[in-house]
Amino acid sequence: MKALSRSYLWIIFALLYAPILLLVVFSFNEGGSLSSFTGFSFRWYGEFFRDQVALQALKNSLFLALASSLLATAIGTFAALGLDRMRNRYVKGAVNSVTNIPMMNPDIVTGVSMMLLFVAVAGVFGLSDILGKWTMLIAHTTFSLPYVILSVLPRFKQFDKTLREAALDLGCTPAQSFFKVELPAIVPGVFSGLVMAFTLSLDDFVISHFVSSPDFQTLPLYIYNQTAHEVKYSMYALCTLIIVTILALLLIVNFAGSIGDRRNRRREASK
Amino acid sequence: MKRVIVCFLSLALLALLLPIFASCGGKEEITLYVYNWGEYISDGSEGSLDSNAEFEKWYEQTYGVRVKVNYSTYSSNEDMYAKLSGGATKYDVVVPSDYMIARLIDEGLLRPLNYENIPLANEIEYSVMFADGIPSYDPEKAYSVPYTYGTVGIIYNTTMVDSADVDTWDLLWNEKYAGNILQFNNSRDAFMTALCKLGYSINTESEAEWREALAELMAQKPLVQSYVMDEIFNKMKSGSAAIAPYYAGDFFTMYADNSDLAFSYPRGEGERTNVFVDAMCVPACSENALVAERYINFMLTKEIAIANAEYMCYASPNRQVFLDADYQATMQEIHPDAMKILYGTDDVSLELYENLPEDKLMLINDLWEELKIESPINASIFVIAGVILGGSLGLGIFFAVRSRRRKKMLVGLWD
Amino acid sequence: MKQKRSLLEKAAAVPHMVWVALFILGPLVFVLYFAFTDTRGKFTFTNIELLSSYSHIFLLSICFALVATAICLLLGYPLAFVMARAKPSRQKLLMIMLMLPMWISLLIRTYSLMTLLDNGGLVNSLLVKMGFSPVTMIGTGGAVILGMVYDFLPYMVLPIYTSITKLDRKYMEAAADLGCNSIQTLFRVTLPLTVPGIVSGITMVFVPSISTFYISQKLGGGNFDLIGDTIERQFKYPSTYHVGAAISLVMMILILISIAVMNRFSDGDGEEMIV
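Residue numbers (the numbering used here), protein chains in the order written: chain C, 423 to 693; chain B, 8 to 422; chain W, 636 to 910.
Watch out, some of these pointers could steer you wrong.
Unchecked claim - Within a straight-line C-alpha distance of at most 30 angstroms, the following computed DSSO-like cross-link-like pairs (lysine-lysine) qualify:
hint	chain 1	residue 1	chain 2	residue 2
1	B	K347	B	K309
2	B	K183	B	K228
3	W	K871	B	K228
4	W	K805	C	K555
5	B	K367	W	K871
6	W	K645	B	K97
7	C	K602	C	K583
8	C	K481	B	K415
9	W	K871	C	K602
10	B	K367	B	K228
11	C	K514	C	K424
12	B	K64	B	K309
Note that these hints are calculated values from the structure, not bench results.
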């Protein structure tokens with residue numbers, strides 16, 4: 423039984439990784455083919471770093487991810503605070519369910535609906551060229567918002583309300599008590615919301631596809647254009663670099679986490 | 008910890024914003040906005056000449072003024088049109104195709120050229136592209152200087168296709184090669200192949216002829232492996248497909264990776280094919296028309312024009328290019344028949360795309376929609392899905408009923 | 636004690652509410668508007684009426700998504716089960732391995748799958764080398780379903796895995812004490828208790844599968860359309876935005892209804908089902 427389950431695990435993982443492995447291996451291929459390996463070289467990595475369009479797309483992606491995640495985190499954190507304190511149950515329910523629409527809706531519907539909004543607004547103001555950096559920023563912030571709220575709101579709920587009262591009793595203004603007592607307690611939630619928004623923005627293709635213009639390309643859009651056109655093999659180099667970066671990040675986070683765990687356990691044991 | 012994160016984030020943000028501010032300052036120089044097709048100029052990769060850098064160098068030496076070429080690219084005439092008519096960026100040089108030039112002229116978006124600044128324009132040989140030597144999109148030649156031209160032919164894999172079947176559009180409808188045929192995934196080009204096969208004009212006014220073309224495409228659909236655009240490159244290179252209609256210039260790129268490929272022009276009775284001309288124009292909104300015209304002229308100089316033609320592999324209407332022995336030798340190295348494929352189209356009847364009226368464009372869209380929503384999928388998928396849906400519904404109801412009955416039992420016991 | 640809310644607390648959600656009204660509700664209003672108007676802005680039902688010619692595409696997409704979801708469930712449940720039963724240190728590694736592909740753009744994974752399965756791809760050249768005849772995979776419905784399963788399997792495994800690890804082991808021990816063998820325990824205890832995980836897994840796979848356009852374009856070769864492809868094509872030209880909006884509207888309503896039904900279904904189940 424154990425052997426059976428273990429082999430099942432490995433078969434699934436092998437199938438899951440086969441196409442990725444293919445990319446990684448062929449990114450080192452000297453020739454430009456995905457069916458025959460002609461020799462080991464770093465040629466495509468060199469090509470990638472010379473490709474201005476790709477580098478610009480990378481820059482755009484990072485800028486957009488950073489800006490939209492910061493914006494979404496700021497709006498979302500305050501929204502979570504407001505929702506936590508809100509007394510009118512119906513308003514709260516309404517806000518919650520509207521916020522969650524982008525999470526439930528298929529991405530393509532979110533994308534086209536935003537596009538229709540932008541196009542209609544552009545039509546009203548007589549602009550013909552509204553899609554681009556700013557529409558992307560709005561769209562990315564919007565679809566990240568529910569995830570930020572989802573990770574911050576529970577922190578507010580778990581927060582011990584008596585601490586806030588204590589702070590108020592000790593002479594803090596409500597604003598001070600929020601910034602000095604409550605905010606530090608919810609920072610982990612804010613931070614995980616930020617990270618989530620950042621990765622969602624980096625990875626999004628479908629929504630960006632509809633609200634972007636050719637002159638503000640992000641990495642996924644660049645990849646889409648590559649796979650729709652003649653594929654430059656430097657794309658495989660890019661993918662390998664992405665995979666390696668993610669793997670390194672995950673391992674670091676995991677490693678740091680396990681060290682932290684061990685330290686905590688040791689501290690507990692010493693008590 | 009929190010402070011570290013904030014510091015890190017703001018630093019990262021700064022690093023991203025800095026280049027934006029940095030570009031504001033600097034010495035006075037002219038920026039020339041050039042908007043061209045992607046992969047459409049020799050850019051210095053793999054040891055070739057960097058045409059734009061050469062222009063900047065040459066301009067400063069000749070006129071003592073620094074010019075910075077801001078070069079951006081598009082992948083379709085329509086993208087270019089949207090940007091240009093939007094007016095957000097003041098482009099100085101654009102390279103639209105024939106029918107789009109006609110449209111831009113109609114809408115007054117182009118500026119007439121001052122040929123005194125483009126003396127090399129008389130090196131352009133119009134008769135290699137048009138039998139009568141007159142570009143129908145710009146009969147006066149007032150707005151455009153041809154950059155490249157190209158024809159659509161059929162690329163096929165010699166190991167999979169019998170050479171007796173080629174040289175006609177019928178190849179794309181040949182049942183022998185079912186599942187190995189690629190077709191354009193865009194309405195105008197796909198309809199072009201069908202109209203050409205039927206021997207009709209690719210700009211036909213007759214709705215009946217468009218419908219006939221649709222019938223041809225419908226008949227072709229079961230034979231088609233994929234509707235693709237530039238994925239053609241990979242599919243043909245790897246031998247995943249045997250037959251594809253595509254541009255002569257791009258054939259050489261594929262041939263470089265797979266020497267089994269060959270190119271043919273449809274020469275059957277009454278058959279024709281599409282020719283396109285991409286020409287350099289100066290938009291009406293240009294603020295540096297003089298520099299733009301000098302840029303156009305520079306692109307026509309022998310050395311630069313040859314570098315570009317060799318980089319792109321498309322045909323050049325520039326006499327200094329196609330009559331040059333070195334250029335001919337280089338092309339010969341790429342493919343033995345390169346010159347014949349690119350320039351030997353005298354016996355093929357060629358037709359340019361024209362700007363179609365709005366109602367015809369709508370008609371093509373509707374017909375294309377009809378073709379695309381036609382599904383060749385067999386019914387088994389519906390049966391399987393039905394079984395799954397029925398099964399899960401049945402299970403759900405079964406469990407719901409059972410748990411209710413048990414609850415009732417439990418309640419009974421409790422009482 | 637009833638606390639007075641500070642201004643900060645009262646106003647904190649306001650920017651969010653404005654944002655949400657502008658950029659979540661606003662777009663949906665425009666979908667409605669476009670779905671019920673023609674190019675000249677006049678009210679019309681023609682877009683909705685036109686949908687009848689797309690009904691087979693809706694049906695086809697639903698079927699594809701259903702089959703892909705079912706396969707994901709059949710493959711994913713055992714996987715989640717095996718993962719949840721592994722040693723804790725090992726579980727972490729397995730989780731990372733499962734998550735890693737999800738961090739790589741879906742476009743890249745799908746494209747790579749396409750090159751693997753293509754007529755001249757690695758799989759077929761291996762087949763030929765082993766003496767079999769090559770199989771045409773790209774352009775068939777099977778390839779599209781394979782792509783959906785491949786791309787969305789982790790979405791099925793994750794919620795199921797989470798709900799299995801959250802299960803109190805005592806339930807299983809109790810079942811074993813009461814004479815259940817391991818298979819009976821699985822079907823009478825574990826499975827019913829993890830229904831919420833299964834339901835959220837199903838929605839997480841079904842929704843992207845039914846609305847995908849990249850997978851069907853690449854692996855289906857553009858030979859047949861799913862709803863996603865149709866919508867995407869409608870939004871290439873402004874003249875067809877209206878039809879596209881109508882299709883999106885119908886798809887959105889269908890999906891929201893099915894999510895609501897699924898949630899209702901899972902609410903009633905859970906603990907009482909093991910009784």
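- Message: Taking the earlier hints as the rules, which of them does this structure contradict?
- Response: Failing hints, ascending: 4, 6, 8, 9 and 11.
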